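2 protein chains.
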Amino acid sequence: MNTAELAELAAQLRVDSVRASAAAGSGHPTSSMSAADLMAVLLGRHLRYDFERPEHPANDRFVLSKGHASPLLYAAYKAAGAVEDGELLTFRKLGSRLEGHPTPRRLPWVETATGSLGQGLPVGVGIALSGKRLERTDYRVWVLCGDSELAEGSVWEAAEHAGYEQLDNLITIVDVNRLGQRGPTRHGHDLDAYARRFRAFGWHAVETDGHDIEKIDEAYREALATTGQPVVVLARTLKGRGVAAAEDHEGLHGKPLPHPEEAVAELGGPRDVHVRVGEPPAAAALRDRTIEAVLLPHYDVGDEVATRDAFGAALAALGTARGDVVALDGEVGDSTRTEAFAKAHPERFFECYIAEQQLVACSVGMAARGWLPYASTFAAFLTRAHDFVRMASISGAGINLVGSHAGVAIGQDGPSQMGLEDLGMFRGVYGSTVLYPCDANQTARLVAAMAGLDGIRYLRTSRGATPVIYGPGEEFPVGGSRTLRTSDEDRVSVIAAGVTVPEALAAADRLAEDGIRVRVIDLYSVKPVDTETLRRAADETGCLLTVEDHRPEGGLGDAVAEAFADGRPVPRLVRLAVRTMPGSAAPDEQLHAAGIDAVGIVNAVKLLAQEKATG
Amino acid sequence: MNTAELAELAAQLRVDSVRASAAAGSGHPTSSMSAADLMAVLLGRHLRYDFERPEHPANDRFVLSKGHASPLLYAAYKAAGAVEDGELLTFRKLGSRLEGHPTPRRLPWVETATGSLGQGLPVGVGIALSGKRLERTDYRVWVLCGDSELAEGSVWEAAEHAGYEQLDNLITIVDVNRLGQRGPTRHGHDLDAYARRFRAFGWHAVETDGHDIEKIDEAYREALATTGQPVVVLARTLKGRGVAAAEDHEGLHGKPLPHPEEAVAELGGPRDVHVRVGEPPAAAALRDRTIEAVLLPHYDVGDEVATRDAFGAALAALGTARGDVVALDGEVGDSTRTEAFAKAHPERFFECYIAEQQLVACSVGMAARGWLPYASTFAAFLTRAHDFVRMASISGAGINLVGSHAGVAIGQDGPSQMGLEDLGMFRGVYGSTVLYPCDANQTARLVAAMAGLDGIRYLRTSRGATPVIYGPGEEFPVGGSRTLRTSDEDRVSVIAAGVTVPEALAAADRLAEDGIRVRVIDLYSVKPVDTETLRRAADETGCLLTVEDHRPEGGLGDAVAEAFADGRPVPRLVRLAVRTMPGSAAPDEQLHAAGIDAVGIVNAVKLLAQEKATG
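The listed protein sequences derive, respectively, from chains A and B. Be aware that the first sequence starts at 1, since it is given in UniProt numbering, and climbs by one per residue. Be aware that the second sequence starts at 1, since it is given in UniProt numbering, and climbs by one per residue.
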């Protein structure tokens with residue numbers, strides 16, 4: 001397309017952004033208008049993308065990191081012939097695919113859900129890494145960012161990652177329109193301020209006038225010609241560009257233009273420009289992603305093995321059986337035990353250093369490219385990536401997250417290192433699965449089972465060794481549980497998971513000596529929860545006692561309560577959990593101080609049995 | 001102290017780090033040893049601190065961002081005469097103040113809990129901002145960072161914040177020992193790589209040899225002489241410095257030296273060096289922090305007002321009454337309504353731009369200096385700061401966090417902007433308070449009440465207007481609730497909060513027309529929860545129906561279940577919550593689609609009433 005045609009295309013993108021937002025009665029036309037020229041040149045001259053085959057492996061990838069500029073994106077889809085004008089005007093309405101912020105659940109051309117700022121670039125880095133190191137296909141990843149979002153630390157985690165990995169297949173365009181939501185950004189139109197930062201992180205930075213078609217083209221060509229470095233194109237733009245009453249004006253963020261019809265007229269009226277987006281090159285040969293039978297590690301009953309060790313060994317084995325498994329770690333692979341995978345499959349291991357947001361974002365990017373990521377760090381530090389996990393669930397991303405060093409059982413390191421909120425955080429994520437194994441064989445099975453699930457899968461592992469209580473051939477279906485002690489005389493059901501399972505078994509033995517029988521349930525599947533077994537236990541024993549190495553909120557106790565959420569009566573439910581702020585102490589001292597060891601369970605059961613007897 | 005004396009002090013810090021870790025059987029001696037010379041020069045020549053008066057307003061502030069190097073910190077306390085050698089050897093033992101990672105709950109000289117990397121510097125920025133813009137005292141803030149933690153995005157949020165605010169009272173020392181936990185860092189000993197990054201963010205960077213006493217001193221003097229910019233001192237060091245078997249060796253992170261006695265001998269044996277730390281200058285006059293009666297805004301019953309509007313107005317009023325109130329926002333003050341405070345009290349308003357980790361960290365730093373921070377952004381984006389909130393609770397920090405745009409009720413913007421996990425996240429935080437008002441007068445009261453609480457206080461506000469149902473003089477104690485409809489014939493108790501309260505009231509009216517009486521409870525205090533009222537409702541109505549604009553996990557339903565956590569039977573508990581992934585739609589359409597509007601409540605109550613009648 002020549003300059004005049006691209007200018008027409010850009011005008012149409014602006015017009016359609018104004019129209020869509022006006023039809024919706026909400027939305028972000030001004031943030032779309034600033035980036036319209038950038039988008040027009042990309043569409044008309046550089047993007048290689050087959051809209052009819054979004055799965056085409058050689059397609060370029062486009063991520064709208066400034067997801068609120070969705071009108072621009074949808075206007076671009078229209079110009080490319082992917083959506084009709086009628087659909088464009090359903091923007092933000094009930095049932096429309098064209099949501100306020102784009103999501104891949106509904107639109108096949110969207111790589112990742114955006115709308116929480118500073119996430120598109122981190123995910124784009126994951127996609128670019130996949131292209132470069134896994135797929136070895138020379139697609140390019142184009143990420144369109146706003147300037148405001150560069151204040152997010154996650155952007156600099158991503159910048160560091162991309163610079164270090166020399167991702168020259170990644171081109172980030174920053175629409176520097178100088179205005180954030182409530183007013184000017186820190187750096188206004190000082191493009192140099194941003195260029196200095198990106199250059200310091202190993203990027204090539206190009207500054208340009210974001211409203212000059214040929215200068216934009218020149219900047220993109222410079223970006224495409226750059227090798228050995230990721231590139232940022234910093235474009236000076238004006239918010240609301242093209243409509244005098246809006247251009248560079250404060251107070252017009254995130255709302256339709258006050259006089260949309262006049263604005264459309266000022267922009268030259270509606271057009272019917274169609275852009276023929278460049279075709280992707282013939283696809284490179286895909287890597288072998290065949291799946292063989294998994295030869296999981298086996299552990300002997302009675303041995304003492306840490307579940308984190310079993311996780312590492314199982315992950316390495318899974319990686320042998322499946323060529324699509326990738327592992328990522330937050331620079332603690334010697335603790336999480338992903339080092340076993342790194343050793344066995346170095347080409348599919350990604351060291352993300354101490355940057356948990358990037359760890360999760362990179363996993364989301366790789367999942368978008370069809371890989372099966374397992375990302376690990378301490379359970380406590382996954383809270384750092386909570387917003388990324390939340391957005392991943394909106395994307396419908398299939399990722400496996402593994403948090404080690406759960407609970408007070410880690411011992412001396414103290415509360416900063418203890419995952420005590422992780423079960424609650426992950427249970428609260430839409431469509432998630434939450435697993436918490438107590439022994440090595442169970443862990444191995446669950447690591448393999450996670451691969452076949454949808455959505456966010458979370459596995460919680462423990463630092464210290466626990467006894468192997470299950471044989472290597474046993475099955476642990478997701479949504480199931482294991483009843484480890486049961487009799488007709490059970491007076492209480494003790495429901496445990498992870499490190500509290502051996503404590504519950506020890507308590508059961510001691511109680512049996514006193515003639516008190518208790519049922520013991522290993523609730524390894526915290527979400528979904530084994531409703532049937534729990535209800536039967538309630539019916540048969542009358543009392544449920546949950547014991548968890550976690551805060552009382554959000555974890556095992558709440559998961560058990562959920563089994564009765566259909567309104568049936570819950571006879572009695574008592575929760576043992578970590579209710580104080582721990583300090584440093586040995587693991588057994590910690591469990592005792594929190595009241596979640598065998599002693600605590602025995603005491604609670606006796607109290608309950610007594611209450612039941614008397615009342 | 002002269003060079004030789006400082007070298008002796010440094011040797012003692014190493015020896016004591018080795019001894020403390022050996023006595024504990026765990027800990028981080030090698031990460032302490034790399035920074036011992038840096039600490040010795042700081043203690044012996046530059047720090048101005050009265051260990052007997054940690055509250056002295058002119059004291060310098062020291063933050064150990066690399067919190068795992070706690071042996072070094074405790075060894076420094078010993079050298080300064082603040083702890084005895086006997087206590088030093090209680091390191092990491094049950095009951096000891098000397099925890100694996102330092103916390104201010106137990107040690108008066110610790111400014112903030114560290115141990116989750118990349119948090120000390122962000123909090124230090126908050127302290128430095130307080131010194132410069134609030135206290136106007138010329139103390140210095142010294143932050144000792146590790147090199148590994150510079151991969152955390154939060155460090156660059158803090159760097160951006162400090163650079164922009166020209167915090168020349170902030171000196172960050174980076175112990176560049178080139179080794180992370182599992183191996184080399186990205187940049188090894190390339191000090192320039194870090195210098196470029198900090199300089200790009202507006203800092204003055206000084207590179208030095210971290211094991212040369214006089215060069216360190218020179219670097220500190222250059223730092224102290226720098227004006228108009230924060231300074232980073234990048235020190236080339238060796239992990240395990242001073243013990244040949246450990247120095248610069250991989251595989252020795254986070255464990256005692258294998259032969260501690262030999263190591264101590266190699267370091268020249270134990271010493272008894274005492275350092276006289278410099279005195280702080282005479283304290284400047286403190287700002288007036290008197291508290292006057294709060295003249296809260298009043299709203300008329302029947303008006304429609306958004307709770308976020310009431311929050312903004314109440315916060316401004318609180319700021320007028322109390323000189324210690326400060327407000328911070330994540331560049332959405334026009335949405336959260338902190339703009340009202342910013343207008344009334346610009347000198348106590350802090351724009352943190354789109355950097356939620358920094359928003360919370362800065363609040364923690366200001367709270368450490370005695371201020372009463374209220375920090376706001378969208379509820380959804382507070383998940384970005386989950387790990388900072390977790391660490392703030394370990395610090396025992398008293399901060400107020402306010403999340404706006406809660407739930408599907410925001411409407412068209414879609415799921416990326418909807419706070420649907422926030423109640424769960426905050427309920428799971430140790431010692432937290434969680435409040436969720438439904439009307440403007442209630443909001444105003446709760447904003448004022450938060451000021452008097454300990455720990456993390458969270459207030460959830462709504463985007464759209466809701467009817468004012470309470471008079472301006474009414475009281476809303478934390479831990480209370482309001483029963484809005486009650487009769488002797490109540491067949492179900494509907495428990496709502498925030499936007500679901502008007503829906504519950506509408507449902508009650510419709511049900512009454514059908515002859516079905518329901519109790520309606522406004523559970524504005526989600527944590528602590530009004531156990532007594534809920535139990536009475538259970539006793540009297542038999543059925544509890546919770547209705548919340550939140551995921552089913554972690555929120556109102558779980559809070560209600562908690563009221564029965566002492567093991568008493570819960571008759572029936574049914575939860576209406578957001579169980580699907582919303583798209584874009586109008587607010588009323590969203591509430592309806594999620595089944596949490598009046599229609600959904602009516603249907604659920606009828607079903608329950610029927611079941612109860614038949615079953």
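Keep in mind the hints are simulated off the structure, nothing from the lab. On a predicted model such as this, the values are computed, not experimentally measured, just so you know. Some hints could be false.
[Said to hold, decoys possible] Quick list of simulated restraints, FRET-style, between CB atoms:
id : chain 1 : residue 1 : chain 2 : residue 2 : range
1  : B       : Asp454    : A       : Asp192    : 42 to 52 Å
2  : A       : Thr531    : B       : Ala465    : 54 to 64 Å
3  : A       : His249    : B       : Gly455    : 34 to 44 Å
A virtual CB, placed ideally from N, CA and C, is assigned to each residue, including glycine.
Each hint, compared with the structure:
no. : hint                              : verdict
1   : B:Asp454 <-> A:Asp192: 42 to 52 Å : holds (46 Å)
2   : A:Thr531 <-> B:Ala465: 54 to 64 Å : violated (40 Å)
3   : A:His249 <-> B:Gly455: 34 to 44 Å : holds (43 Å)
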